[in-house]
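2 protein chains.
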Amino acid sequence: MSFEVIQRDKNTRARLGRLKTFHGEVNTPVFMPVGTQGAVKTLSPEEVEEVGAEIILSNTYHLFLRPGQEIIKKGGGLHRFIGWDKPILTDSGGYQVFSLARLRKIEEDGIYFNSHIDGSQYFFTPELVMEVQKALGSDIIMPLDICLGYGASYWETKEALEITLRWLKRSIDYKKNNNMETQLLFGIIQGGFYRELRKEAVERMLDMELPGFALGGISVGEPKDKMYEITDYTVSLLPEEKPRYLMGVGAPEDLVMGVSMGIDMFDCVLPTRLARHGVFYTKTGRRNIKNAQYKEDFSPLEEDCDCYTCRRFTKAYIRHLFLQHETFSYRLLTIHNLRFLFRLMEDVRRSIREGRLEEFKKEFLTQYLANDRENRLEKEEVWNRLLI
Amino acid sequence: MSFEVIQRDKNTRARLGRLKTFHGEVNTPVFMPVGTQGAVKTLSPEEVEEVGAEIILSNTYHLFLRPGQEIIKKGGGLHRFIGWDKPILTDSGGYQVFSLARLRKIEEDGIYFNSHIDGSQYFFTPELVMEVQKALGSDIIMPLDICLGYGASYWETKEALEITLRWLKRSIDYKKNNNMETQLLFGIIQGGFYRELRKEAVERMLDMELPGFALGGISVGEPKDKMYEITDYTVSLLPEEKPRYLMGVGAPEDLVMGVSMGIDMFDCVLPTRLARHGVFYTKTGRRNIKNAQYKEDFSPLEEDCDCYTCRRFTKAYIRHLFLQHETFSYRLLTIHNLRFLFRLMEDVRRSIREGRLEEFKKEFLTQYLANDRENRLEKEEVWNRLLI
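Heads up: the protein sequence lines correspond to chains A and B, in order.
So in full-length UniProt numbering, the last one in the first sequence is 388, and the numbering has no gaps at all.
So in full-length UniProt numbering, the last one in the second sequence is 388, and the numbering has no gaps at all.
Read the hints as simulated data drawn from the structure, not as lab findings.
Don't take every hint at face value.
Since the list gives no way to pick one copy over another, a pair counts as held whenever it fits inside one copy or between any two copies.
[Said to hold, decoys possible] Derived SDA-like pairs: lysine to any residue, alpha-carbon spacing no greater than 25 Å straight-line:
1. Lys290 / Gly75
2. Lys73 / Asp85
3. Lys86 / Gln324
4. Lys242 / Leu197
5. Lys295 / Leu128
6. Lys158 / Arg104
7. Lys242 / Glu203
8. Lys176 / Lys242
With the hints as extra help, turn the sequences into a complete structure.
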């Protein structure tokens, strides 16, 4: 048994859990920082650990293209290659093939795509994606899936779901036949924003003995209410005893909402990407360090934050470094943003433990002014081009 | 007395010394990493300390333009603003005005120049440069000077020297009248590559009671032999009891050569700048991490190096990160390059202590293949445009 629910919240579907992996345990609900190329951008592994990370996510698609799984395997596997000995989850590359690469063709056997780096053509099959993740040696692995944007038609979504389910079976078979006992293969639930399809997906996955369920095809350009609605509905169909992972979602308000819907795991590039654009989180919402109001502000990014950045530096200094394109400022903002999310998750877990998550949620969402628009527009843009 | 010679080498002019500043002592010969904008590029203050730095250099010109000395003063001075409580040396901005800004006009009173950032016009006087450094609160400060490139004529050089000497007097006067007792004002020796002018400069500076002498106008596009020759000659004119600082010089071979000529202090952007171009130091010379030979090289940058980078990561991983433009790789290479220089300086100091610097120098220079060409061509380019 790789997952254990330790405590349930009485008013929501939130729960405290513990996920056991080959490289150690993870306390859920958990946020996973993203290390796309095998490094959480701008940070050392020690810094990632210091902000509170227990598990990181890395991208199969990117590592497959550069440096290639063979080099990582020769280097002793992904953990050793990147100097991180705690759990790692790798995605399947499905999301990137659809959102980043130039997609060529989906066939029953797999997906033809052109690399976003140099345009060279590749063919991903469920088996290849499993083979890559075997070489990487990540603790939690994902099967190849078809990920559609918001607005895909019912029939398109249904067809994609059927293929995704057949690919899942092939992934399970590959894993069984290739000595991958130390790796946990989650199933990815697709079905777009059609309840009927989500339900069908879950029902057909229930007897596959999967150690966890990932909710895919969410945060693909839809409005927030649609996202919450389909997440809430999908989780309601899932068995209590398995971990649930909401892929690619991790804005502060989404973490709180997601946990209360029963989500156990999250990942998102937002905290690290926003940092490189000067954005930092505070309890009342996002701020941008470029703002002139911080020119002579000698206080930390957030008054009661315990992160390295806030313990050591002022807004005025970070602003100066950022405006001069000093990469140290990206690191400082990244550390703060990640620490902000990990403190938020600590608060969330404590609230569940003390049976007052509803209260905490209300408090947090009242204070925190969510700024979703920018992010949603960007996602819409990415996904809309697939609808043309 | 701010400087003390502790031990002299019997075969060369090298010496061990101790320089006392308001923010602590520095063991010489010493290399000073450059924090142009108030941060050693890509590093935290803790990392700068960990590689072995006892003092850093920062640039008056850059800090004057951004964020401006007033903000730094309001933030509690440069040490507090940047989170570094050990000694700081600031240059005068003279070098940058000549090499970086668009120079408009030199007058008896000062220099008109246009900012390299946005072209706006400024006027540097010796007094303003002192005022800025007073606001910064750096431990060792420099007077405004006129810095010419290699190839400047005798008369041009002589005229520049005369102005530089008059500006030095004005700087000394300003310091006396403005409560700057905790700051050490060094004199900058100009005179180009004309022995006669260097001699005149030194002679006229000897009775000014300066706490240290900086050799300026060196490493401005000249061949190495000219650089060594004029350095050696100039040092031979200087009093034993004062520290000597060779400005802007810090290639590994130059550190060893410079120390044996009697230089006590060095600064250079090379180790940090080269790192951002993928270059790393080894005992046998420079290497570039982009090189295909490192693709599957799972050994550290240098086998017996004790730096964080070499203790934790392989060439294959650093190469992967570098090729993917991950800024963490710039940090890793910067740490190694600085540590390489600090270990070199530790070896140099130990050799002086043990009376075998000549031996060490021979050994090191035999092993280390100096690659000066690239750097020299770049300097030539910068300085040649001033000759047109």
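Exercise. Can you tell me if Lys290 and Gly75 fall within 25 Å by alpha carbon in one copy, between copies, both or neither?
Worked result: Answer is between; shortest inter-copy Cα gap is 18 Å, intra-copy 41 Å.
Problem set entry | Copy assignment of Lys176 with Lys242, given that the CA separation must stay at most 25 Å | within (20 Å within a copy, 75 Å between copies)
Problem set entry | Within, between, both or neither: Lys242, Glu203 at alpha-carbon 25 Å | within (14 Å within a copy, 83 Å between copies)
For this session: If the cutoff is 25 Å on CA atoms, where do Lys158 and Arg104 land: within, between, both or neither? Let me know, please.
Result: within (20 Å within a copy, 70 Å between copies)
Exercise. Which holds for Lys242 with Leu197 at a C-alpha limit of 25 Å: within a copy, between copies, both or neither?
Worked result: Within one copy, since 20 Å is at most 25 Å while 82 Å is not.
For this session: Tell me, please, which holds for Lys295 and Leu128 at an alpha-carbon limit of 25 Å: within, between, both or neither?
Result: Classified as between: cross-chain Cα gap 23 Å, same-chain 52 Å, threshold 25 Å.
Exercise. 25 Å Cα cut-off: does Lys86 pair with Gln324 within a copy, between copies, both or neither?
Worked result: between (35 Å within a copy, 23 Å between copies)
Problem set entry | Alpha-carbon proximity context of Lys73 and Asp85, limit 25 Å | So Lys73 and Asp85 pass the 25 Å test inside one copy only (15 Å; across, 44 Å).
The structure agrees with every numbered hint stated previously.
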